[in-house]
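Peer 1: Chain residues, written in single-letter form:
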Amino acid sequence: MDDKNRFAVVTVPTVAVIDEVRDEIEDVKTFYFSFEDKTVASNFVIKSGQFVMCTIFGSGEFAVSLPFSPQGEHPHLTVRKVGKVTSALHDLRPGDKIGIRGPFGNGFPFEEIQGKNVVFVAGGIGLIPLRSSIVHILQNRKDFGRVLLVYGARSSNILMYKKNIDEWRAVEGFENWVTIDVPEPGWDGEVGFVNLLVRKTDIPVENTVAFVCGPPVMFNSVIKELMNKGLKDDCIISTLERHMKCGIGKCQHCAIGRTLVCTDGPVYTYRQIKTLGEHI
Amino acid sequence: MAYLLAKDAVMGLLEAIGKEYALFGPVGHSASGDVFFERADEAGEIRLDAPIPSNPPKFAVFPQFEKIFAYRYDRETREARITPEDFVMPKALVGLRSCDLNGLICLDRFFLGQEYVDEVYRGHRSKMLLVTNTCVKPFPQCFCVCTDSGPSAKEGYDINLTDLGDFYLLETGSPKGERLASRLRLPASGPEELRLKERAVDASIGLFDDRAKENKAWISRVVNRVTTGFIRGEVWEHIGDQCFECGACSFVCPTCSCFNIEDVAADEGRSDRLRTWDSCSFEGYTRMAGDHNPRKPVEDRRNKRFFCKLSYSQSKKYLRPGCVGCGRCARVCPGDIGLPNVVTYIRREITKDSNGR
Numbered sequence: 001m002d003d004k005n006r007f008a009v010v011t012v013p014t015v016a017v018i019d020e021v022r023d024e025i026e027d028v029k030t031f032y033f034s035f036e037d038k039t040v041a042s043n044f045v046i047k048s049g050q051f052v053m054c055t056i057f058g059s060g061e062f063a064v065s066l067p068f069s070p071q072g073e074h075p076h077l078t079v080r081k082v083g084k085v086t087s088a089l090h091d092l093r094p095g096d097k098i099g100i101r102g103p104f105g106n107g108f109p110f111e112e113i114q115g116k117n118v119v120f121v122a123g124g125i126g127l128i129p130l131r132s133s134i135v136h137i138l139q140n141r142k143d144f145g146r147v148l149l150v151y152g153a154r155s156s157n158i159l160m161y162k163k164n165i166d167e168w169r170a171v172e173g174f175e176n177w178v179t180i181d182v183p184e185p186g187w188d189g190e191v192g193f194v195n196l197l198v199r200k201t202d203i204p205v206e207n208t209v210a211f212v213c214g215p216p217v218m219f220n221s222v223i224k225e226l227m228n229k230g231l232k233d234d235c236i237i238s239t240l241e242r243h244m245k246c247g248i249g250k251c252q253h254c255a256i257g258r259t260l261v262c263t264d265g266p267v268y269t270y271r272q273i274k275t276l277g278e279h280i
Numbered sequence: 281m282a283y284l285l286a287k288d289a290v291m292g293l294l295e296a297i298g299k300e301y302a303l304f305g306p307v308g309h310s311a312s313g314d315v316f317f318e319r320a321d322e323a324g325e326i327r328l329d330a331p332i333p334s335n336p337p338k339f340a341v342f343p344q345f346e347k348i349f350a351y352r353y354d355r356e357t358r359e360a361r362i363t364p365e366d367f368v369m370p371k372a373l374v375g376l377r378s379c380d381l382n383g384l385i386c387l388d389r390f391f392l393g394q395e396y397v398d399e400v401y402r403g404h405r406s407k408m409l410l411v412t413n414t415c416v417k418p419f420p421q422c423f424c425v426c427t428d429s430g431p432s433a434k435e436g437y438d439i440n441l442t443d444l445g446d447f448y449l450l451e452t453g454s455p456k457g458e459r460l461a462s463r464l465r466l467p468a469s470g471p472e473e474l475r476l477k478e479r480a481v482d483a484s485i486g487l488f489d490d491r492a493k494e495n496k497a498w499i500s501r502v503v504n505r506v507t508t509g510f511i512r513g514e515v516w517e518h519i520g521d522q523c524f525e526c527g528a529c530s531f532v533c534p535t536c537s538c539f540n541i542e543d544v545a546a547d548e549g550r551s552d553r554l555r556t557w558d559s560c561s562f563e564g565y566t567r568m569a570g571d572h573n574p575r576k577p578v579e580d581r582r583n584k585r586f587f588c589k590l591s592y593s594q595s596k597k598y599l600r601p602g603c604v605g606c607g608r609c610a611r612v613c614p615g616d617i618g619l620p621n622v623v624t625y626i627r628r629e630i631t632k633d634s635n636g637r
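Order-wise, the sequence lines are chains A and B. Residue 101 in the working numbering sits at position 101 of the first sequence, and the numbers go up by one each step. Residue 522 in the working numbering sits at position 242 of the second sequence, and the numbers go up by one each step.
No wet-lab data here; the hints were simulated from the structure. Glycine is no exception: its CB is placed at the ideal position from the N, C-alpha and C atoms. Hints should not be assumed to be uniformly reliable.
[Said to hold, decoys possible] One-sided excerpt, in silico: chain B residues whose CB lies under 8 Å from chain A: (1) A350; (2) A360; (3) P364; (4) E399; (5) G509; (6) F510; (7) C538; (8) F539; (9) N540; (10) I541; (11) S551; (12) F562; (13) Y565; (14) M568; (15) S593.
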C-alpha cells in the first residue's frame, strides 16, 4: 500500500453507504453497507474476529466487531444503542453515509483450528462477534469436526439472529441448544443460565476449541464449566471489549495487562486472559 | 565530527537554523521567572543557559489539541467530504536536555516502530532538527543518572552542544547536523576538548541530588518488581490514596502519549476530528459506553501508569525505560507521588520483605 492509502485506512475513515437497515431485537439493529469505490471494496479483506472503527458523521467514532463472514457475505455491522454515537447510528437510514477505518485486530485463529471440534458459547449480544466465525466455519463445514452452538439470553425476545440460527440448523451436523434465563409462556426450550446448559450438554473435550463471548458474569461461569469438563485454558478462546479510540495501538485506552486489545487482541485464549491481571 | 563554537557565535548558529526551521527552545518568562520549551519568534529568545523547562518538548510532535482532519456531511444530499490536514513543518528543537531527547526517542519508537506507523506523528517528526545541550550541572529535580538518559546525550541528536566555560563543544550526530556545522566554518576540536567534555560530564554526575544517587541501584530492582507484579496491593493503595487524579504527571511527562479522539462540531455541517492529550489517571479513561468500567479504583489506575514507566514489557516498545528521569512529575504532583517517590515506596517494601516481615 502506498503512503496515501495507508493514511486513509489508518487515520482517515473511508466513506461507505448504508444499503439496508434491519431490526434485530430491541435497541439492536444491523446495518448493511458497501464502499462506493470498487478498489476500496476489494481491498477490504477481513478475518473473523476483527473489528472496525465506525464514524457517524457529526457525532463521533466507535469500535465495533464484524459479524459477517470473510467469505462472500454482504458487509454489515450489528450495533446496540448504548451511547451518543451508537444512538446517532440508529437514526440513520439507507442511503446515509458512514465512515469505516480498518479492519483492525488479530482475528480468530481460523487456520489453526481446522480439523477440530468447535464449540460456540454465547450469552445475549455476545453472539454478534461470534457470528462471523460460525458462518465461516459452516461455509467450510467439512474442514471441522463437530460444530456446536450453546446460546442463552435473558428472555426469548432478546435472542439474537433467530433467523440465522434456523438457517444454521439446516446445515448438516450443526448442533444447537438455546436457553432463556426464566420460564415464559410459549417457550418449550431450555430454561436456566448458559453455564448450566453447558454443564448438561454433551460437549466434546478432546481435539476441541471453545469460543466464548458474553457479559463478564456469564463468561466467568461458562469458563468454569468448560474447565470442569476438561477443556484446557489455551483451547478456550474469547474476544474482549475495551474503550477504544485509535484502533492502531497508539492511544492506549484499551491497554490490558501488558497488551493492547486493538493490536494484540481482541481475540485472546483464556490462558492469555488469566495472565492479564485485569477484570474482563 | 566535533568543533569549537565561541560563545558569541552561538547566536549565529541559532539564526542560521532559524532561516530553515521554525525555532523551538527554552524561553524564559520574565514575569514568573519560569522557563518553557516553546516556539521562539526569534533566535534571541532562546536561552541555552536556562534551567530545565517546566514542560517537555513533546507538544512539537504531539500537540495537546490537534485537528487531524475536518469533514462536512450534508444531511440533504447525504454527501460526505473529508479534508485531511498536513502536519509537515520543518522544526528545530534547540537546547534540548538529554532527558527530553530520550523522551522523544521513546515517542519515535512507539509511534513509528510498532505494528502501525502513526501518520500524524510521522508528519510532525519529519523535517526536524534536534540540537541538544549537555547538562554540565544537574537541576534539583533531576535523576536521569538513574534511568540512563543523561546528563549528556549519546544518540539521536543532529548537533550536541556542551558548555565548557569559555566556549561550546559542538558535536555532530547526523549528516544533517554535519552539513549545518560545516557551513559555519568552525575550528575543529582536538582530543583535549573531548577530554574536557568527559570531565565536565563526570563532574556533573557527581553533583546529582542524594536521592537520585541512592535510588540509582534500586531502579532495576523496582523494574523487576513492577514487571512481575510482586508488589502488595497496599503499596498501590497508599499511592492511590495520595493521587488527586489531576493528570498533571501525564501532561508533563516526556514519554506519556495517551490520547483521546473526539469529533467536535465546528460550523454548519462541518466537524473537526480532534486528538487531545489524555491521562490514565482519569476515571473515564477506560469507561465504555453503557458505563462498564474494567478499571475502577484509583490505585488500579495508578499502577497502570507506573507499569508504563517502569515495566520491562513497556521498555521493549521504547528500547529503554519509559521514565527519562526529568523529575517533572515530582515537581508538579500535588499528592507527592512523582516517580522518585514511587520508587522509594516500592524500595521500602522490598527491604521490608528481605527483613523477613
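Peer 1: With a cut-off of 8 Å, does the beta carbon of G509 (chain B) approach a beta carbon of chain A closely enough for the hint to hold?
Peer 2: With a minimum Cβ separation of about 6 Å from chain A (threshold 8 Å), the hint on G509 (chain B) holds.
Peer 1: Does C538 (chain B) pass the interface hint, meaning its C-beta sits closer than 8 Å to a C-beta of chain A?
Peer 2: Check passed: Cβ of C538 (chain B) comes within 4 Å of chain A, closer than 8 Å.
Peer 1: For the hint on F539 (chain B), just tell me whether its beta-carbon gets within less than 8 Å of chain A.
Peer 2: Holds, because the Cβ-Cβ distance from F539 (chain B) to chain A comes to roughly 5 Å (cut-off 8 Å).
Peer 1: Against chain A, run the beta carbon of I541 (chain B) and see if the smallest gap drops under 8 Å.
Peer 2: 4 Å, holds
Peer 1: Per the CB criterion, is F510 (chain B) less than 8 Å away from chain A?
Peer 2: 12 Å, violated
Peer 1: Verify the interface restraint on E399 (chain B): the C-beta must sit less than 8 Å from at least one C-beta of chain A.
Peer 2: Where the cut-off is 8 Å and the nearest Cβ of chain A is about 5 Å from E399 (chain B), the hint holds.
Peer 1: Just to be careful: measuring from the Cβ of S593 (chain B) to every Cβ in chain A, is the smallest value less than 8 Å?
Peer 2: Since the shortest Cβ distance to chain A is 4 Å, the answer is holds.
Peer 1: Return the status of the interface hint for P364 (chain B): holds when the least beta-carbon distance to chain A is below 8 Å, violated otherwise.
Peer 2: Where the cut-off is 8 Å and the nearest Cβ of chain A is about 5 Å from P364 (chain B), the hint holds.
Peer 1: So, F562 (chain B) near chain A? Judge it on the closest CB pair being under 8 Å.
Peer 2: Cβ of F562 (chain B) sits 11 Å from chain A, so the hint is violated.
Peer 1: For the hint on A360 (chain B), just tell me whether its beta-carbon gets within less than 8 Å of chain A.
Peer 2: Since chain A brings a Cβ to about 4 Å from A360 (chain B), closer than 8 Å, the hint holds.
Peer 1: Under 8 Å, Cβ to Cβ, is where M568 (chain B) needs to be relative to chain A, so tell me if that hint holds or is violated.
Peer 2: 5 Å, holds
Peer 1: With chain A as the partner, please determine if N540 (chain B) meets the hint condition of a C-beta pair closer than 8 Å.
Peer 2: Since the shortest Cβ distance to chain A is 6 Å, the answer is holds.
Checked against the numbered hints given earlier, the structure breaks hints 1, 6 and 12 and satisfies all the rest.
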